[in-house]
Amino acid sequence: MANIHPAGVFDTTYEEDMSVDRTPRDKLWKNLAFVALLLVPLLSVSGPLGLISDQYVGLIARIAIFVIAAQGLNILVGYTGQISLGHAAFMAIGAYSSAILARELGFTFWTALPVSAVLTGLIGLFFGLPSLRVKGFYLAMATLAAQFIIPWVLRYPLEGITGGTRPLNVPAPLIGPFASYADDPIDDATPLVFQAGDPYLVDVISLELGRVDGAQPAIELRNPSGDIVPPGDFNMTVFRDADGELTGFSYIATKPGEYAVTATAEAGATAFRARVRRGKALSFATETAMYYIIVPLSVFLMFLARNIARTRTGRAFISVRDNDLAAELLGINVFGYKLRAFFLSAVYAGIAGCLLAYERNSLSLDMFRLDISIEMLAMLIIGGAGYPLGALFGVTFIRVLQEAAIPALRPWLLEILPVLFPFIEVVNITSAINPILFGGALIVFLVLEPRGIAHRWEVLKVAWKIRPYAY
Amino acid sequence: MPVKLHVDNVSLSFGGIKALQDVDFQVEAGEIYAVIGPNGAGKTSLINSINGFYAPQQGRIIFDGRDMTHIPPYKRAELGISRTFQNIALYTNATVLDNLMAARHIHMKSNMLTGALFWGPAQREEIAHRRLVEEIIDFLELEHIRKSIVGTLSYGLRKRVELGRALALEPSLLLLDEPMAGMNVEEKEDMARYILDIHELQGTTIMLIEHDIGLVMDISHHIAVIDFGLKIGEGSPDEISRNEAVIAAYLGEGER
Ligand SMILES: Nc1ncnc2c1ncn2[C@@H]1O[C@H](COP(=O)(O)OP(=O)(O)O)[C@@H](O)[C@H]1O
Ligand SMILES: [Mg+2]
Numbered sequence: 001m002a003n004i005h006p007a008g009v010f011d012t013t014y015e016e017d018m019s020v021d022r023t024p025r026d027k028l029w030k031n032l033a034f035v036a037l038l039l040v041p042l043l044s045v046s047g048p049l050g051l052i053s054d055q056y057v058g059l060i061a062r063i064a065i066f067v068i069a070a071q072g073l074n075i076l077v078g079y080t081g082q083i084s085l086g087h088a089a090f091m092a093i094g095a096y097s098s099a100i101l102a103r104e105l106g107f108t109f110w111t112a113l114p115v116s117a118v119l120t121g122l123i124g125l126f127f128g129l130p131s132l133r134v135k136g137f138y139l140a141m142a143t144l145a146a147q148f149i150i151p152w153v154l155r156y157p158l159e160g161i162t163g164g165t166r167p168l169n170v171p172a173p174l175i176g177p178f179a180s181y182a183d184d185p186i187d188d189a190t191p192l193v194f195q196a197g198d199p200y201l202v203d204v205i206s207l208e209l210g211r212v213d214g215a216q217p218a219i220e221l222r223n224p225s226g227d228i229v230p231p232g233d234f235n236m237t238v239f240r241d242a243d244g245e246l247t248g249f250s251y252i253a254t255k256p257g258e259y260a261v262t263a264t265a266e267a268g269a270t271a272f273r274a275r276v277r278r279g280k281a282l283s284f285a286t287e288t289a290m291y292y293i294i295v296p297l298s299v300f301l302m303f304l305a306r307n308i309a310r311t312r313t314g315r316a317f318i319s320v321r322d323n324d325l326a327a328e329l330l331g332i333n334v335f336g337y338k339l340r341a342f343f344l345s346a347v348y349a350g351i352a353g354c355l356l357a358y359e360r361n362s363l364s365l366d367m368f369r370l371d372i373s374i375e376m377l378a379m380l381i382i383g384g385a386g387y388p389l390g391a392l393f394g395v396t397f398i399r400v401l402q403e404a405a406i407p408a409l410r411p412w413l414l415e416i417l418p419v420l421f422p423f424i425e426v427v428n429i430t431s432a433i434n435p436i437l438f439g440g441a442l443i444v445f446l447v448l449e450p451r452g453i454a455h456r457w458e459v460l461k462v463a464w465k466i467r468p469y470a471y
Numbered sequence: 001m002p003v004k005l006h007v008d009n010v011s012l013s014f015g016g017i018k019a020l021q022d023v024d025f026q027v028e029a030g031e032i033y034a035v036i037g038p039n040g041a042g043k044t045s046l047i048n049s050i051n052g053f054y055a056p057q058q059g060r061i062i063f064d065g066r067d068m069t070h071i072p073p074y075k076r077a078e079l080g081i082s083r084t085f086q087n088i089a090l091y092t093n094a095t096v097l098d099n100l101m102a103a104r105h106i107h108m109k110s111n112m113l114t115g116a117l118f119w120g121p122a123q124r125e126e127i128a129h130r131r132l133v134e135e136i137i138d139f140l141e142l143e144h145i146r147k148s149i150v151g152t153l154s155y156g157l158r159k160r161v162e163l164g165r166a167l168a169l170e171p172s173l174l175l176l177d178e179p180m181a182g183m184n185v186e187e188k189e190d191m192a193r194y195i196l197d198i199h200e201l202q203g204t205t206i207m208l209i210e211h212d213i214g215l216v217m218d219i220s221h222h223i224a225v226i227d228f229g230l231k232i233g234e235g236s237p238d239e240i241s242r243n244e245a246v247i248a249a250y251l252g253e254g255e256r
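Residue numbers (the working numbering), protein chains in the order written: chain H, 1 to 471; chain B, 1 to 256.
Errors might be hidden in some of the hints.
[Stated by the list, open to error] Lysine to any residue pairs mimicking SDA-like chemistry, simulated, CA-CA at most 20 Å apart:
no. : chain 1 : residue 1 : chain 2 : residue 2
1   : H       : 27        : H       : 463
2   : H       : 280       : H       : 237
3   : H       : 465       : B       : 123
4   : H       : 461       : B       : 93
5   : B       : 75        : H       : 463
6   : B       : 109       : H       : 45
7   : B       : 147       : H       : 20
8   : H       : 27        : B       : 123
9   : B       : 75        : H       : 339
10  : H       : 27        : B       : 149
11  : B       : 147       : H       : 451
12  : B       : 109       : H       : 304
13  : B       : 147       : H       : 456
[Said to hold, decoys possible] Pair ranges (Cβ atoms, derived):
no. : chain 1 : residue 1 : chain 2 : residue 2 : range
14  : B       : 64        : H       : 366       : 52 to 62 Å
15  : H       : 443       : B       : 148       : 29 to 39 Å
16  : H       : 282       : B       : 148       : 25 to 35 Å
17  : H       : 443       : B       : 197       : 45 to 55 Å
18  : H       : 443       : B       : 64        : 39 to 49 Å
19  : H       : 26        : B       : 120       : 22 to 32 Å
20  : H       : 292       : B       : 127       : 32 to 42 Å
21  : H       : 156       : B       : 60        : 46 to 56 Å
22  : B       : 197       : H       : 115       : 53 to 63 Å
No lab work stands behind these hints, which were simulated from the structure alone.
C-beta: ideal position from N, C-alpha, C; glycine also.
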């Protein structure tokens, strides 16, 4: 849609003419919307003000995550005119790689996020290679391969680190620990007892064994309920030396109360020394805290995508989409830009996957099935492929439909549908409501608004801006 | 005058169809060189071979003294070859401005990262190139449609936008494939004026394919005539109008 000036607004420089926010009012609205988003958790029931249901914090966070993923798809499908049926699989790479980097290699969330995003990008680029030769339907089939191969690789060959079909625990992101505030040596069976734990400002308890010869000392950490924390607990990272001997662990105490560490040498074993360090860290284990990572990051990534779309790279993408032959003959390395689009699209998917992993604290391959890939394509079509806000509109529309509108309409639908379709069993109707409404919405959009909500939005925006003149 | 382009003994065939047979000619720097010939003669195939979309089975394309044979199309554009298409090939869903800006690609430096952040050099670059593109928009009188989606424009305007896009590349060789086809007299005159202005103001070497003989005779320095893939004549407009073979194969046809 043409970029139309509000009536009475004239640009005096190209810079003004190119800006996204046409008037100070545009900017104000955008900033207000952002501030309102950031206020939601504070207004929620578990926040200090307790005005709106907690459900919305999680809903908005999940929308923000899928907006990132769908925006990645938008770059590839909407702007560059390629296709991918494997987007959910790329999310899986971001999710699993970021979780595994943290679990196995001691990465923090902050380092795991960019590393997993780039890794996902590179794998996305690899699956984009067929775009050199094939387009459209055949390319769809080639990307479908990603949707089968990637989960299979995560499930079987990598089962040792992914857990295969079992859920994989993901540690919460932390900022810190800051300088440790306690550093206590222990050398006998007397437990070291201390107060720790808080859901937001957690204590990171790390225990280092000084020297262990031969026998393994027994180390125990008891939580406030008096239970021994097992080494497999997802808040615990265990450290071992090259021979696989335990050298210590680090535990994130989130529950307030009394913790106790006991280290006992086995009978007849060599003496050892151990020390317990404690430090405070800011934890993002709660949904509210994660919200403050996810939502600003999502907004920032939308901003980046918007800028890419309106500068050199984005115009190259659009050229490839609209006429790849002309693009190639007019100086654009078409294949190079297709690969960039696959890379960028997968980077966005990887970031979304990583956020999903850390938001849920737990991962399973079920979260990344083919139907999720297809659902994201549908969201993009409904929202408006190739429009900067297409992903936002599409994801919001579908998620609100699924998580708020359908549950609200459900009792009413359950009354009316069995009357309309007496020949269908009630159980079948119940399970069909979701897919029918989703499919119905998709068909309605394809017929009535094939360019999506974003297109309608821009038309309305133009009409509003040029008022009171019709042209 | 130095040679800008040498089509060196080029042959191209599609299966049994011989689109070009041993075609050989030279275009001097700074001239308007026209290629004429009936439909299906191989004119478009010639342009496609020059900018690398087709790979001739025989012969070489030598541009600025450099053999282009193994240079991919997008690099040939970087080296200064630009073109328009017989059947308009614009970026239909983008604005006129974006179509022209897209052709600045080879002269711009910003990448995904600097573009994403859109500050400092990336922003200044956008503005500088926007300024250049606006000059072309002024020159071609496209101001009123600069923000229109190309797909919504009339045929004549799209032809003009396509010329603008080709110019935005700042080529040293401009290949125009029937830029006036399907236009009314007025539009044709405008287009001829633009072509002459480009030639005069920028010194761009122009290779023009056109059916309107009168117009070609008026504006070009040299003319090549091809028929069934063969070059059957070449020379100044005067020479061409006196060339027996050309009159028989082509000009005569028009008079009949
Ligand atoms: N891509 C192609 N595949 C097969 N045949 C082609 C192709 N391009 C051109 N031709 C054939 O080559 C001949 C010359 O075509 P063309 O160069 O388009 O002629 P002109 O532009 O002079 O009208 C025609 O017979 C045409 O059918
Ligand atoms: Mg032709």
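Going down the list of hints, with the structure as the test:
1. H:27 / H:463: 19 Å, holds
2. H:280 / H:237: 16 Å, holds
3. H:465 / B:123: 26 Å, violated
4. H:461 / B:93: Distance of about 19 Å is within 20 Å: holds.
5. B:75 / H:463: Violated, because 43 Å separates the two Cα atoms, which is more than 20 Å.
6. B:109 / H:45: The given pair, whose Cα atoms are some 50 Å apart, is violated under the 20 Å limit.
7. B:147 / H:20: 14 Å, holds
8. H:27 / B:123: OK: residue 27 of chain H and residue 123 of chain B at ~19 Å, within 20 Å.
9. B:75 / H:339: 18 Å, holds
10. H:27 / B:149: With a Cα-Cα distance of about 25 Å, the restraint between residue 27 of chain H and residue 149 of chain B is violated, given a limit of 20 Å.
11. B:147 / H:451: 19 Å, holds
12. B:109 / H:304: 18 Å, holds
13. B:147 / H:456: Within the cut-off at roughly 18 Å; holds.
14. B:64 / H:366: 52 to 62 Å: 60 Å, holds
15. H:443 / B:148: 29 to 39 Å: 31 Å, holds
16. H:282 / B:148: 25 to 35 Å: The hinted range 25 to 35 Å is violated for residue 282 of chain H and residue 148 of chain B, with Cβ atoms some 51 Å apart.
17. H:443 / B:197: 45 to 55 Å: 53 Å, holds
18. H:443 / B:64: 39 to 49 Å: Since the Cβ atoms of residue 443 of chain H and residue 64 of chain B sit about 56 Å apart, the hinted range of 39 to 49 Å is violated.
19. H:26 / B:120: 22 to 32 Å: Between residue 26 of chain H and residue 120 of chain B, where Cβ atoms are some 23 Å apart, the hint holds.
20. H:292 / B:127: 32 to 42 Å: 35 Å, holds
21. H:156 / B:60: 46 to 56 Å: 54 Å, holds
22. B:197 / H:115: 53 to 63 Å: This hint holds: roughly 55 Å between Cβ atoms.
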